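Number of protein chains: 2
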Amino acid sequence: MRAPVQLAHASRLLNHGPTVLVSTIAGGRRNLMAAAWSMPVEFTPPRIAVVVDKNTYTREQVAKTGMLALNLPCRALADLTYTVGSVSGRDDPMPAEDKFDRYGIASFTGPALGLPLVEGCIGWLECRVIAEPHTEQAYDTFFVEVVSASSDTRVFANGRWMMDGRHPELHTLHHLGAGLFAVAAETVQGRVMAG
Amino acid sequence: MRAPVQLAHASRLLNHGPTVLVSTIAGGRRNLMAAAWSMPVEFTPPRIAVVVDKNTYTREQVAKTGMLALNLPCRALADLTYTVGSVSGRDDPMPAEDKFDRYGIASFTGPALGLPLVEGCIGWLECRVIAEPHTEQAYDTFFVEVVSASSDTRVFANGRWMMDGRHPELHTLHHLGAGLFAVAAETVQGRVMAG
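The listed protein sequences correspond, in order, to chains W and C.
The C-terminal position of the first sequence is numbered 192 in this note's numbering, with every residue numbered one higher than the one before it.
The C-terminal position of the second sequence is numbered 192 in this note's numbering, with every residue numbered one higher than the one before it.
Hints in this document: simulated from the structure, not taken from any laboratory.
Be aware that one or more of the hints could be misleading.
Label pairs and their calculated CB-CB ranges [said to hold, decoys possible]:
1) C/A175 x W/A128: 29 to 37 Å
2) W/P130 x C/A60: 24 to 32 Å
3) C/F105 x W/R26: 47 to 55 Å
Just some of the chain C residues that point at chain W, by a computed CB distance under 10 Å [said to hold, decoys possible]:
4) K96
5) R99
6) A103
7) V126
8) D149
9) G176
Which chain W residues stay away from chain C? Per the calculated CB distances, all over 10 Å, these [stated by the list, open to error]:
10) A23
11) G24
12) K61
13) G63
14) T78
15) K96
16) S104
17) T106
18) D149
19) A154
20) W158
21) G174
22) A181
23) A182
Here the structure is a predicted model, which means the values were calculated and not measured.
Ideal placement from N, C-alpha and C gives every residue a C-beta, glycine not left out.
Model the full structure from these sequences, guided by the hints.
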């Protein structure tokens, strides 16, 4: 069900603007937040831009390690996505706990960088930060390069999305605001017009 | 039907990762291309990052004027969106023509910057480029600030999207690849989990 994605196809996982979960680990402590704002900037090498606010605990962790993972949640994870986007890992009442423990979120270890990846997502990208201090400071924008990618082959295989309705719970989420997500529930094939 | 959007709400138009049409005008000649890769980077002031490849005619026009508009197409414009993303304005067979003329695309003039905006879209943002030569060169990424925004009030009003199925043809497009678009056809409300 989970299979590697060729790096040349990794940016396609984010081509249509889904909301992602950013996962990190630093000093043995994991964290997880939702991020509506990300986009590919290059297919080869696979590079992504993602906004991580200065106020977040994730930002502290990324500053320490220069690594983050992007996990693609699906309709079945709408509550999880909204929850980890609403609560800071810094506010955890029990220092030994993290958001994974607190909300019973299962994870597995990324093959390239050892980052915690979220079970039940449909795509996973382990990434190294390309240091760009100016854009990180001025726009909270991190440029990262994907070093490992994988997908749930029921909806993404051979470099292509298959959102044909066979697995409606596995379609991507797109945050409209205040916990309301659009779901990429249907598709339409564009045709080149005569001109 | 078309109404101004407060600048504090402008970034919400792009929060869920829709594909956009980038429109420009320079030296009296208009152009229009599709861009799957854009994201907000700030709500206030409303700032957006958008990828414009070095090979595009749009890039030449933006370099001359420092301005571009982002138009949000909807399901009804899937063919138009794929078409203007597949054909370069530079290749136009008749120098007096542009893509608007060639494909019969109606436009109106933006209120702040005079940019050509596409009729039938559901959101429009006129933007000024914030000069960032390094990220433009290294990542084809332009940071822009929105100076005017408007929306089709049937689907976006008072700073909120209403994708409740009353106007399915007006839902946003999200490019999966090769002209296949996901449509933000349904919504789901996330709830904060007990933890």
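Quick rundown of the hints versus the structure:
Remark: the range hint 29 to 37 Å for C/A175 to W/A128 is upheld by a beta-carbon distance near 34 Å. At roughly 25 Å, the beta carbons of W/P130 and C/A60 sit within the given window of 24 to 32 Å. Distance hint for C/F105 and W/R26: a CB-CB separation of about 53 Å, consistent with the stated range 47 to 55 Å. With its C-beta approaching chain W no nearer than about 8 Å, C/K96 sits inside the 10 Å limit, and its interface hint holds.
Restraint check, C/R99 versus chain W: the minimum CB separation of about 4 Å is within 10 Å; hint holds. Look at C/A103: its Cβ only gets to about 14 Å from chain W, farther than 10 Å, so that hint breaks. Proximity of C/V126 to chain W is violated relative to the hint, the smallest CB-CB distance being about 13 Å (cut-off 10 Å). Interface hint status for C/D149: violated, as the beta-carbon distance to the closest one in chain W is roughly 15 Å, over 10 Å.
Checking C/G176 against chain W by beta carbon gives a least distance of about 4 Å; that is within 10 Å, so the hint holds. Against the 10 Å criterion, W/A23 stays outside the reach of chain C, whose nearest CB is about 21 Å from its own CB. No beta-carbon of chain C is positioned within 10 Å of the beta-carbon of W/G24; the least distance is around 22 Å. Every CB of chain C is more than 10 Å from the CB of W/K61 (nearest about 23 Å), matching its label as outside the interface.
No beta-carbon of chain C comes within 10 Å of the beta-carbon of W/G63; the shortest separation is about 17 Å. Not every CB of chain C is more than 10 Å from the CB of W/T78 (nearest about 6 Å), against its label as outside the interface. Its closest Cβ contact with chain C, about 8 Å, brings W/K96 to no more than 10 Å, contrary to its assignment away from the interface. The claim that W/S104 lies off the interface holds: its Cβ sits roughly 15 Å from the closest Cβ of chain C, which is beyond the 10 Å cut-off.
Interface exclusion of W/T106 from chain C stands, the closest Cβ pair being 23 Å apart, more than 10 Å. The Cβ of W/D149 sits about 15 Å from the closest Cβ of chain C, beyond the 10 Å cut-off, so the non-interface label holds. With a cut of 10 Å on Cβ distances, W/A154 stays outside the contact zone with chain C, its closest approach being about 13 Å. Annotated as non-interface, W/W158 brings its C-beta within 10 Å of a C-beta of chain C; the closest such distance is 4 Å.
Non-interface call for W/G174 relative to chain C: violated, since the shortest CB-CB distance, roughly 6 Å, does not exceed 10 Å. Remark: the non-interface label on W/A181 conflicts with the geometry, its nearest Cβ contact in chain C lying 4 Å away (cut-off 10 Å). Interface exclusion of W/A182 from chain C breaks down, the closest Cβ pair being 4 Å apart, not more than 10 Å.
Checked against the numbered hints given earlier, the structure breaks hints 6, 7, 8, 14, 15, 20, 21, 22, 23 and satisfies all the rest.
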